[in-house]
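Q: Spelled out from the first residue to the last, the chains are:
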Amino acid sequence: MRWARSGRVIIGGLLLLVVLICAIAAPWLAPHDPNEQDLLSILLPPAWMSGGEATFPLGTDSLGRCALSRLLFGARTALMVAICAAAGAGAIGFALAHVAGYLGGRADWLIGRAIEVWMSFPPVVLSLILMVGLGTGTDKVILAIVLVDWTRFCRVLRAEVRTVSRKDYVSAARLIGASHWQVLTGEVMPATLPLVITLVSLEMGIAVVVEAILSFVGLGVGANQPAWGQMIADARQNVAAAPIGLLLPMAAIFLCVAGFNVLGDGLRRSLDVRQTELRGA
Amino acid sequence: MSLLVADALGVKVGPLAVLRDVSFSLAPGRMLGLVGESGAGKSMIGRAIAQDLPPGFAVSKGALCFAGEDLVAMPRSRRQALLGRDIAFIPQEPMAALNPVMTVWQHLDEHLARLGVANRRARAEMLLEQVGLEPGAVLPRHPHQLSGGMCQRVLIALAFAGEPRLVIADEPTTALDVTVQARVMALIADLQRRCGTAVLFITHDLRLASDICDDVMVLYAGRPAEIGPARRLFEAPAHPYTASLHLAAPSLTGPRHALLALPGQMPGLRDIATLPGCRFAPRCQVAQSDCQDGEPALTDGVACRHSALTRQITPGPKQPLTPVTTPVEVVRTEALRRVFRSAAGLFRRTETVAVAGADLLVRQGEFVGLVGESGSGKSTIARLVAGLDRPSSGRILLGGRDDLSRDERRRHVQMVFQDPQSALNPRRRVGEIVTQSMAISGAGGRRERALALLTQVGLSPEIAQRYPAQLSGGQRQRVNIARALCEVPKLLVADEIVSGLDVSVQAQLLELLLGLRASLGFAMLFISHDLAVVRHLCTQVAVMHRGVVVEQGATEAVFAGPQHDYTRALLAAAPGRGEFVQKSRSA
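Protein chains in written order, with numbering that gives the first Met the number 0: chain X, 0 to 280; chain E, 0 to 586.
Quick caveat, the hints were computed from the structure, so don't treat them as lab data.
Hints should not be assumed to be uniformly reliable.
[Claimed, not checked] Pairwise CB distance ranges, derived in the manner of DEER restraints:
| # | chain 1 | residue 1 | chain 2 | residue 2 | range |
| --- | --- | --- | --- | --- | --- |
| 1 | X | Pro189 | E | Ser59 | 24 to 34 Å |
| 2 | X | Thr184 | E | Arg567 | 47 to 57 Å |
| 3 | X | Arg112 | E | Asn118 | 45 to 55 Å |
For each residue, glycine too, the CB sits at the ideal point set by N, CA and C.
All chains should be modelled from the sequences, with the hints used to inform the complete structure.
A: Written as structure tokens, this is what we have:
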């Protein structure tokens, strides 16, 4: 398992492990209910600064909600969206890419054109339109991201499937009697899997950012569910008085996305055969 | 006065020696051939001259001098001034060596400007005429609009533009067809004679080198095995390795002998470092006990203590192939056509006729060679017969029928692919690969079958547990053959299966195929560009030219009395007919 020894994979994995623990253990780690308002203690600074209170370790926002609790529960939202959206977009892209790349011909043409039309919409605008139509909620955010981002998978994977399908061992498998399904699952998919894993990892980072953008403009997971983008939007009005309220969710988003990207990059480098060949290993 | 002198040159990567004790001298107007199998280090010599060694490689010992100047120690600026002017290169891959976005004129213009030529247009036209290209037609073209042979001519024109004193040609014809190869080699020899240039000709083909070079140096495992006049090396090789190379290569003339299949393969860099004594001894037919005691010095151009024994290495017994007389047909194609359509624009489509009405016949147990140059439709026929592609029109009769089910078909015909790298799934173990067809049909006893198959193709059973990446090229090709034989088909379609291999490994595989035919009795459609290989292996030969089989008949009859013009051209171009191009000069 060379990928487990790669520094990038370890760093990215550790970052994400921290986020994951926060998300799972949020109800036990959080000192308050994330939506509980304490209007007597609004815009408190973190506990270690002057004026801070020990019950609110990272301070409060303009409605007196605990920043730490909101961050922890925000991690739940972020990871939920990241995992489901990446899985959904990956599944659609994976299936269509294998159909297009393996069969070629008309199926390839049709799927290729569909992707081109799809990608000609600016992704942020497309997802905003979708959210306006769908309404807010975590499931709606996931659906919007899946509908926008499956093309990214499909494009990249299709080329890979095409390359693998042209290998002689795929022809050889057909010659010795394997069905198309056996060839796809036995010969082609094992070869494209490393790329799929890498793309899913990168897509998770993208999903976190998109969810934050949508929440920031108020078309995200909904007002009563804590989300990092929502926190940024809330803190924006008081940025001069309490800049820390803006910096905390930004830092969370940064660490999470960096984790996914570093992990994805590490996986790409260690799993991709072409990269290995380039290094001559 | 020698132009290029190597004195005990050594190149190392880390602690491992890539080249050792390489000494030669090349006088102006002479041509020296550097011959060796892959891994012998022959290209390293060319790269050492340009000081363009791969990262980690460095000259560790000895000297390399050009016209009295030390190439290794000289400052970079001096070397840059020499390269392209006094020392020119002709590369292996002509298509890849030209910049695809520049026209031929831009290439020549840029190079001539660097050389400081005043009237560049006239000079460029003159250079192209010299290499047999029409300047008006070629100058405005981009490389992709030219054939491989034309690109190589442009590169030769570029190389000779600065009237260099030394030209280094690294496998300049490997990527080209036989007929084109003959023309390109004649061109290099002609220019060399006219300009008095010294040429260092790097090749894997001992026969080609003997044909055109004055002197030949044979390298084995990074060290010269033998050096001497080309003619002497051809007629009376003194080193056992040189003799073995001769006897491992099938011949186009004379009686047919069994090939000398050297056991094993050339040692890798690590093995070279640990082997005691003569590095060739483990494969040598006449090795003596004292061959282990240190490496033999190069005396009188031979690095062997027992060169007197070399004469004992003789060709195998005379073995004429017995022609097949059975009337049972394995495959017959009738007016086979395959046309590829591709979009040339929004509404326009172009049609490429790959196979234009080919009639071909293979009888039971018969090896039929299919020869022709690239683009003649050989590989398309292979795919059609194997069932990987459908004909546009015409019929393919397998055992007299054209309505075989997929299952019947796969028991009737199997294919061995050209590139073993691509033909073996890198994620499967060898044992799994060779018995994959049984896994698909759910048959039992796969382990035993895998071991039996591996033994049949001359591989040891423990290879079943390995992955393809852990095998050598020759071993991979054996696995490739074993997989095709798993269901004991009546016909094998083999597409250039020995073309990427070294001559000693090729000999092993050719003898293996003949042995398997004797024991299993299958027929084979053997596609190759190498006429000598076809002559050695096949009783029948079919010649393809532009999608049509122009001639089919018994191999010896076709080669002795070719009926079609194209067959005659193909035969005349093949190297190794013992005609020394430069005989007059070296005498």
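Q: So which of those numbered hints doesn't the model satisfy?
A: 1
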